[in-house]
Amino acid sequence: MKIVIAGGHGKIALRLTRLLAERGDSVVGIVRDPRHVDDIERAGGEAVVLDLEHATVDEVAATLVDADAAVFSAGSGNNATSARRDTMDRAAVVLVMDAAEQAGVRRFLHVSSINVGCADDRDIGDGYAVYLRAKRAAEQHIFARDKLDWTVLRPGVLTDGNGDGTVELTAGNRVGPTRARFDQVTREDVAAVLVALIDRPDTAGRVYVVVGGETPIEKAIDV
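Note that our numbering numbers the sequence shown so that position 220 is 313, with each residue one more than the last.
Just so you know, not all the hints are guaranteed correct.
[Claimed, not checked] In the DSS-like style, the derived pairs of lysine-lysine whose C-alpha atoms are separated by at most 27 angstroms in a straight line are:
| hint | residue 1 | residue 2 |
| --- | --- | --- |
| 1 | Lys240 | Lys95 |
| 2 | Lys312 | Lys95 |
| 3 | Lys104 | Lys312 |
Derived from the structure by calculation, the hints contain no laboratory data.
Let the hints inform the model, and build the full structure from the sequences given.
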């Protein structure tokens, strides 16, 4: 398969690239910074330099030609302004979906956040709330797409520890939990869940929450 990852230099994305490349898939990582090309290639992928905050639909669609799936794993970063939260965490998602539709790529996976349903909670902090509102808006755009076989994955608090191939994966609703959760999950296990979701077209149209747990990933997908 050919998989295109928006935000190819992210910590989840690099792990996903490695896992896919190790099993023989072709992986294209979209990155903004030319200095990140080598990291993509070391992980086994091919890099395309493209700034999703300024790219056109045609430019993104060109990277998606003949792809079997697109994964959106880009992010605005911890210290982003409110404006950049919107351009990266919402508008760029819409851009990649538009490009996928133009290129004829139906499968679309989006890495969101466990707490999207808490964006209006006054206790979570202004910066986090802005991030969650952008993520929530992106999800609303996704849910309205009937030309894409989308799946939304909402990870818990991300850590860099070694994954063990087991998680707690639950089916979520489109609103999301209204009480904030801070359960942890390794980026390695999130990447492995994405691989499993790519392989399971029957997960299209579903929302999943993933945190650390004891169920093997392949079995957890059957929730």
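- Any of the earlier hints contradicted here, and which numbers? Result: no hint breaks.
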